[in-house]
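K.L.:
The primary structure of each chain is shown beneath.
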Amino acid sequence: MSQPTLEPAKAGDSSPRSFVGGLADSDLVASFLSQKIIVAAGAITLVLVLAAIFAPWVAPTNPFNPATNFLIDSLTPPRFAAGGDARFLLGTDDQGRDMASAILYGLRVSLTIGVLSVLLGGAIGITLGLIAGYAGGWIDAVIMRVADVQLTFPAILIALLLDGLAQAILKNSNREETAFGVLVVSIGLSFWVQYARTVRGSTMVEKNRDYVQAARLIGLSPARILARHILPNVMGPVLVIATINLAIAIITEATLSFLGVGLPPTQPSLGTLIRIGQNFLFSGEWWIVAFPSLTLAILVLAVNLLGDWLRDALNPRLK
Amino acid sequence: MTDPLLSVRDLRVEFATRRGPLVALDGISFDIAPGEILGVVGESGAGKSLTGLAIIGLLDPPGHIAAGEITLSGRRIDNLAPAEMRKIRGRRIGMIFQDPLTSLNPLLRVGEHLIETILAHSSLTPRQARERAIALLDEVGIPALEKRIDGYPHEFSGGMRQRVVIALALCAEPALVIADEPTTALDVSVQAQIIAVLKKLTREHGAAVMLITHDMGVIAETADRVAVMYAGRIAEIGKVGEVVREPLHPYAKGLMAAIPTLEGRLARLAQIPGSMPRLSAIPQGCAFNPRCPEAFDRCRVERPPLLAVGDRSAACWLYDRGEAPAVARGIEARR
Amino acid sequence: MIAFIIRRLFASIGVLIAVGLIAFVMFRYIGDPVNQMVGVETSAAERAQLREQLGLDEPVIVQALRFLLHAARLDFGMSYQFKQPVSSMIGARLPATLELAAVASILSLLAGIPLGVYTALRRDSALAKLFQALSLVGISLPTFLTGILLIYLFSVTLGWLPSFGRGEVVPIGSWWTTGLLTLSGLKSLIMPAITLALFQMTLIMRLVRAEMLEVLRADYIRFARARGLSERAVHFRHALKNTLVPVITVVGLQLGSIVAFSIITETVFAWPGMGQLFLQSVQNVDIPIMAAYLLFIAFLFVVINLVVDLLYVCVDPRLRASVRGAPG
Numbered sequence: 001m002s003q004p005t006l007e008p009a010k011a012g013d014s015s016p017r018s019f020v021g022g023l024a025d026s027d028l029v030a031s032f033l034s035q036k037i038i039v040a041a042g043a044i045t046l047v048l049v050l051a052a053i054f055a056p057w058v059a060p061t062n063p064f065n066p067a068t069n070f071l072i073d074s075l076t077p078p079r080f081a082a083g084g085d086a087r088f089l090l091g092t093d094d095q096g097r098d099m100a101s102a103i104l105y106g107l108r109v110s111l112t113i114g115v116l117s118v119l120l121g122g123a124i125g126i127t128l129g130l131i132a133g134y135a136g137g138w139i140d141a142v143i144m145r146v147a148d149v150q151l152t153f154p155a156i157l158i159a160l161l162l163d164g165l166a167q168a169i170l171k172n173s174n175r176e177e178t179a180f181g182v183l184v185v186s187i188g189l190s191f192w193v194q195y196a197r198t199v200r201g202s203t204m205v206e207k208n209r210d211y212v213q214a215a216r217l218i219g220l221s222p223a224r225i226l227a228r229h230i231l232p233n234v235m236g237p238v239l240v241i242a243t244i245n246l247a248i249a250i251i252t253e254a255t256l257s258f259l260g261v262g263l264p265p266t267q268p269s270l271g272t273l274i275r276i277g278q279n280f281l282f283s284g285e286w287w288i289v290a291f292p293s294l295t296l297a298i299l300v301l302a303v304n305l306l307g308d309w310l311r312d313a314l315n316p317r318l319k
Numbered sequence: 001m002t003d004p005l006l007s008v009r010d011l012r013v014e015f016a017t018r019r020g021p022l023v024a025l026d027g028i029s030f031d032i033a034p035g036e037i038l039g040v041v042g043e044s045g046a047g048k049s050l051t052g053l054a055i056i057g058l059l060d061p062p063g064h065i066a067a068g069e070i071t072l073s074g075r076r077i078d079n080l081a082p083a084e085m086r087k088i089r090g091r092r093i094g095m096i097f098q099d100p101l102t103s104l105n106p107l108l109r110v111g112e113h114l115i116e117t118i119l120a121h122s123s124l125t126p127r128q129a130r131e132r133a134i135a136l137l138d139e140v141g142i143p144a145l146e147k148r149i150d151g152y153p154h155e156f157s158g159g160m161r162q163r164v165v166i167a168l169a170l171c172a173e174p175a176l177v178i179a180d181e182p183t184t185a186l187d188v189s190v191q192a193q194i195i196a197v198l199k200k201l202t203r204e205h206g207a208a209v210m211l212i213t214h215d216m217g218v219i220a221e222t223a224d225r226v227a228v229m230y231a232g233r234i235a236e237i238g239k240v241g242e243v244v245r246e247p248l249h250p251y252a253k254g255l256m257a258a259i260p261t262l263e264g265r266l267a268r269l270a271q272i273p274g275s276m277p278r279l280s281a282i283p284q285g286c287a288f289n290p291r292c293p294e295a296f297d298r299c300r301v302e303r304p305p306l307l308a309v310g311d312r313s314a315a316c317w318l319y320d321r322g323e324a325p326a327v328a329r330g331i332e333a334r335r
Numbered sequence: 001m002i003a004f005i006i007r008r009l010f011a012s013i014g015v016l017i018a019v020g021l022i023a024f025v026m027f028r029y030i031g032d033p034v035n036q037m038v039g040v041e042t043s044a045a046e047r048a049q050l051r052e053q054l055g056l057d058e059p060v061i062v063q064a065l066r067f068l069l070h071a072a073r074l075d076f077g078m079s080y081q082f083k084q085p086v087s088s089m090i091g092a093r094l095p096a097t098l099e100l101a102a103v104a105s106i107l108s109l110l111a112g113i114p115l116g117v118y119t120a121l122r123r124d125s126a127l128a129k130l131f132q133a134l135s136l137v138g139i140s141l142p143t144f145l146t147g148i149l150l151i152y153l154f155s156v157t158l159g160w161l162p163s164f165g166r167g168e169v170v171p172i173g174s175w176w177t178t179g180l181l182t183l184s185g186l187k188s189l190i191m192p193a194i195t196l197a198l199f200q201m202t203l204i205m206r207l208v209r210a211e212m213l214e215v216l217r218a219d220y221i222r223f224a225r226a227r228g229l230s231e232r233a234v235h236f237r238h239a240l241k242n243t244l245v246p247v248i249t250v251v252g253l254q255l256g257s258i259v260a261f262s263i264i265t266e267t268v269f270a271w272p273g274m275g276q277l278f279l280q281s282v283q284n285v286d287i288p289i290m291a292a293y294l295l296f297i298a299f300l301f302v303v304i305n306l307v308v309d310l311l312y313v314c315v316d317p318r319l320r321a322s323v324r325g326a327p328g
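Residue numbers (the numbering used here), protein chains in the order written: chain E, 1 to 319; chain B, 1 to 335; chain F, 1 to 328.
Check before you lean on any hint, since a few could be wrong.
[Claimed, not checked] Partial chain B-side listing against chain F, Cβ under 8 Å, derived: (1) R91; (2) N105; (3) A120; (4) S122; (5) S123; (6) L124; (7) D138; (8) M256.
[Unchecked claim] Derived list of chain F stretches under chain B, where covered just means 3 residues or more per stretch with a C-beta under 8 Å from a C-beta of chain B: (9) 138-148; (10) 246-257.
[As the list claims (entries may be wrong)] Below, a list of computed lysine-lysine pairs in the BS3-like style, where the Cα atoms sit at most 25 Å apart: (11) F/K187 x E/K36; (12) B/K147 x F/K241; (13) B/K239 x B/K199; (14) F/K241 x F/K83; (15) B/K253 x B/K239.
Think of the hints as simulated: they come from the structure by calculation, not from any bench.
A virtual CB, placed ideally from N, CA and C, is assigned to each residue, including glycine.
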């Protein structure tokens with residue numbers, strides 16, 4: 001009779017098959033599968049992501065092609081409600097655009113901006129954090145001062161400010177093309193501080209470890225040491241921050257668009273759609289605001305659930 | 001012999017894991033007489049602390065008592081309701097932990113710790129409680145009392161903190177004090193002092209002590225009897241002098257031989273080859289058999305219970321009358 | 001102790017100056033201040049005269065200093081869009097925002113802390129799990145969605161509460177106006193306050209819960225139990241106190257961010273506060289207002305940070321000792 005072992009594939013064994021086998025057997029996957037809500041959240045997120053990626057092919061119409069929108073169709077209720085039209089599953093807005101299609105495209109934009117800004121903020125933050133933690137001295141002091149000043153403001157304010165400034169600098173001329181990039185940069189820049197601080201802390205701890213001293217003795221350049229040795233060891237907390245940030249990034253973009261300083265109605269995100277819809281709340285065309293709101297809420301909820309689960313699963317002390 | 005104060009019979013502690021229950025303590029049995037000091041010694045992971053926690057009812061889930069009985073002064077305490085067990089803690093059984101800095105709440109003054117414990121177990125007024133607290137601090141040897149009692153834990157040195165902890169454990173005059181590695185976190189120079197304080201106070205208050213440690217030297221100096229633990233089981237138990245001078249169990253022999261002494265010739269330190277098995281991979285039969293120089297076939301198949309050898313016990317087939325009788329008779333003859 | 005306070009004060013002033021300089025850079029270099037202020041017909045000579053009047057020809061350092069000095073006197077120049085002094089515009093809207101923020105803060109604390117404690121202590125109960133689930137929804141709903149939802153429910157469907165504006169306000173003293181003393185003012189305050197408070201409340205609840213669970217694992221809690229203290233003493237005398245200490249910092253910062261989040265709430269409910277003004281200024285690139293708002297927020301946060309730091313030192317005896325510099 002063989003004894004059951006408690007550990008998954010050993011750390012030193014890094015072949016792909018053992019990794020997958022170890023992963024499949026590990027506590028992480030077991031914890032995932034054991035909670036139905038998390039599985040549901042994962043499934044929903046996957047569906048939404050796929051829908052977003054394949055929006056141009058999945059959507060019934062292209063709502064932003066002026067040729068296919070007819071004003072005569074505007075303000076049609078959803079198919080299942082009274083007065084609905086079979087063509088429009090979720091109704092149309094005041095421009096005659098199909099809500100279902102608009103939501104799919106809007107989802108695409110929202111997700112893309114969310115992911116890109118998290119990646120940007122993460123890249124900047126991790127880099128600066130590594131540098132600050134490793135170099136120490138005045139470089140560290142400067143970076144941390146800047147971080148402190150930025151931390152006096154909530155992220156949304158920073159994003160708002162950067163957005164406004166960018167518009168001012170770019171002079172509103174080609175607002176529609178630049179809105180996307182401006183949003184990614186603004187939101188990304190509002191986030192880097194958290195990554196930087198965490199990574200800096202971890203770097204400072206790792207810097208004194210033996211394996212780093214050894215690498216320096218061999219003569220590896222600091223960049224190499226940072227990238228190949230220290231970076232993998234600080235990624236754990238970074239992953240946790242990233243999952244929290246993704247939800248916040250999506251909310252921030254939606255908020256900025258809702259406030260009117262994000263994406264314009266010609267290339268709307270879910271936030272823009274909600275902004276448009278709010279105007280029709282009192283006049284009874286509830287579907288224009290309801291469906292984008294629902295989509296946004298479900299998306300963020302699913303991402304948050306996944307993030308929560310990941311946080312709990314990665315936290316060694318809770319085991 | 002008088003009735004034992006604490007009696008543990010076949011205690012089994014398990015941890016419920018995803019892959020099935022993990023057995024951490026596998027059938028522990030021992031007694032503690034009133035006022036006696038029982039040392040519990042063994043490597044890290046042998047289950048010493050768990051035994052103490054199980055007795056006082058502070059096992060963290062998913063650990064739980066799966067089988068066995070714990071009796072205090074004739075009354076069973078392992079199956080009490082939480083509210084009942086709470087009455088026993090502090091009042092009948094006290095416990096001291098390893099790190100005095102983290103044992104005290106950094107936001108509360110030392111005096112507040114003492115007074116709240118005194119008030120919880122008696123009907124004194126706060127004023128009387130404060131006086132009693134001062135008296136206790138005096139007993140454990142903390143000078144400059146009036147100022148000290150209002151100090152915060154971080155203002156004390158490690159040794160002083162542990163004295164406070166001892167005072168706290170003895171506030172309500174428990175009959176048994178479980179001391180879990182009380183000196184491990186302290187400087188060597190302070191360790192002897194703390195052990196002395198512990199001994200003095202428990203003698204004066206008539207309390208028995210279960211002294212858990214991996215430091216054999218402390219046990220040799222302090223305990224009346226000693227239990228040697230290995231892989232969640234007791235390997236040998238008996239009077240301290242006998243076990244140290246003439247250990248029966250091969251593991252205990254290895255332990256005693258590994259203690260460096262200043263007398264005698266300087267030779268290489270004796271080692272026990274291998275290491276204690278993980279709880280998930282305890283060998284069949286006697287847990288020590290893979291590392292035992294005296295192991296034979298029966299050891300690999302059947303687990304030995306604690307076998308009586310005189311007034312000592314050892315969990316080793318060497319001392320079963322049926323097997324290797326020469327060894328046992330040899331010991332009997334020498335006695 | 002005094003040295004500590006002075007050090008923190010200097011750091012705070014440093015931050016304010018840094019933000020002030022950023023605001024100055026915005027002010028001077030984003031767009032041309034002169035061109036923003038005048039119409040198209042103004043002659044070049046008049047523009048030159050205005051430039052000299054504003055001191056735009058002087059060295060940058062002098063301009064920066066002048067800007068900072070004016071800012072310290074709460075003089076932020078004139079709004080490009082409204083042609084009025086910025087400080088009086090902000091001043092007129094300050095009471096609306098501050099009242100809303102204060103009520104929302106109190107609400108989020110009163111609800112968040114007890115809920116956090118409850119869900120930590122009774123973590124396996126059905127009610128706690130429900131609150132945990134609701135809290136997840138709470139932080140997933142963007143503020144504006146909460147507002148819209150509330151409007152739909154209470155204004156459109158039930159018609160109980162007004163969906164925009166502040167209601168009737170009563171002047172207090174020479175400058176402040178309050179909506180707390182009129183029924184319509186209170187009714188108008190309810191939904192915006194709840195909207196603003198919800199996000200913060202959920203954050204506080206989750207934070208308190210996490211912190212308390214962490215504290216309950218500490219050695220001193222185990223020792224307290226080993227001493228036979230009652231569960232109530234363990235939870236409230238030991239665990240709660242130690243939980244709230246680190247929570248103070250985060251809560252303080254959160255309360256500061258409520259003022260920033262009021263931008264959104266004010267937009268949804270057409271609440272006449274500073275946030276709405278700021279948003280308009282962003283949309284219209286009205287730099288003086290943007291700069292002034294920025295400095296105001298910086299000031300607010302710096303003050304909050306300072307207060308929190310001082311509070312921390314007062315509450316945690318370990319910090320008091322290190323600050324005083326004398327060991328026990």
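K.L.:
Does each hint fit the structure? Answer for all of them.
P.N.:
Results of checking the hints against the structure:
no. : hint            : verdict
1   : R91             : holds, 6 Å
2   : N105            : holds, 4 Å
3   : A120            : holds, 5 Å
4   : S122            : violated, 11 Å
5   : S123            : violated, 15 Å
6   : L124            : violated, 15 Å
7   : D138            : violated, 19 Å
8   : M256            : violated, 32 Å
9   : 138-148         : violated (count 0)
10  : 246-257         : violated (count 0)
11  : F/K187 x E/K36  : violated, 42 Å
12  : B/K147 x F/K241 : holds, 24 Å
13  : B/K239 x B/K199 : holds, 17 Å
14  : F/K241 x F/K83  : violated, 52 Å
15  : B/K253 x B/K239 : holds, 15 Å
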